[in-house]
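Engineer: Residues 1 to 192 (full-length UniProt numbering) are what the sequence shown spells out, left to right.
Hints in this document: simulated from the structure, not taken from any laboratory.
Here the structure is a predicted model, which means the values were calculated and not measured.
It is possible that some hints are incorrect.
Stated by the list, open to error - Quick list of the computed label-pair ranges, beta carbon to beta carbon: (1) 140 x 39: 49 to 57 Å; (2) 159 x 131: 17 to 25 Å; (3) 106 x 181: 16 to 24 Å; (4) 98 x 61: 45 to 53 Å; (5) 71 x 29: 17 to 25 Å.
All C-beta atoms in this analysis are idealised placements derived from N, C-alpha and C, irrespective of residue type, glycine included.
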Amino acid sequence: MSVQLGFIDHREGANIRTLPAELTGSTCLTQTPLPPGTRVTVIRLHPQKPEWSYVATVAGQQLLRGYVQGLRITTQLPEPSATLYHIRPGDTLEPIAARIYRKAIEPGRDLRFYENVILYVNQQRNRTGVRRVEGDIHLVTGENIWLVSVAFANQLQKIVPSGSITGGAIALAKKVIQHLDDILTSVRTACW
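Let the hints inform the model, and build the full structure from the sequences given.
Structural biologist: Okay, here's the thing in structure tokens:
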């Protein structure tokens, strides 16, 4: 097994232990479980208990290394820069998407596009924490969802709808007008 990036992906979080819990001498290194969405590096599986993974993570200011139950970790990231977000009571998608993607918003890729990217990526990964309900996108409290990087999201522009009836058409029209203006300027410059 090679080193893999992963996240704690269990409602109850996960404790880090010196050894798998079933082995003599195992002690817990964490006073409280690491919360869902905590990034971990999976280094190897335990030789006698392969259902336990040896991981490293940063908790507060401290580097922790130890064993976590494999069923509490996901290493199936949609892309290397993705993060796993645990949905809390009262969370809505718009402010989450705005925080991540606000600097990338432009005509044809507005906030609705990035909300649709989050929905699409999570549907592709069979995540149930984000759903379309009567045209709106809703989050499910207590679930975990993937949030992908701007670069990855932008690669999905031809796959994921913009969410705007006119946004994509307006952006395309502006590009065509700019292109025509550039051609006319070139012709004028060449003729003078």
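Engineer: Which of the numbered hints above does this structure break?
Structural biologist: 1, 4
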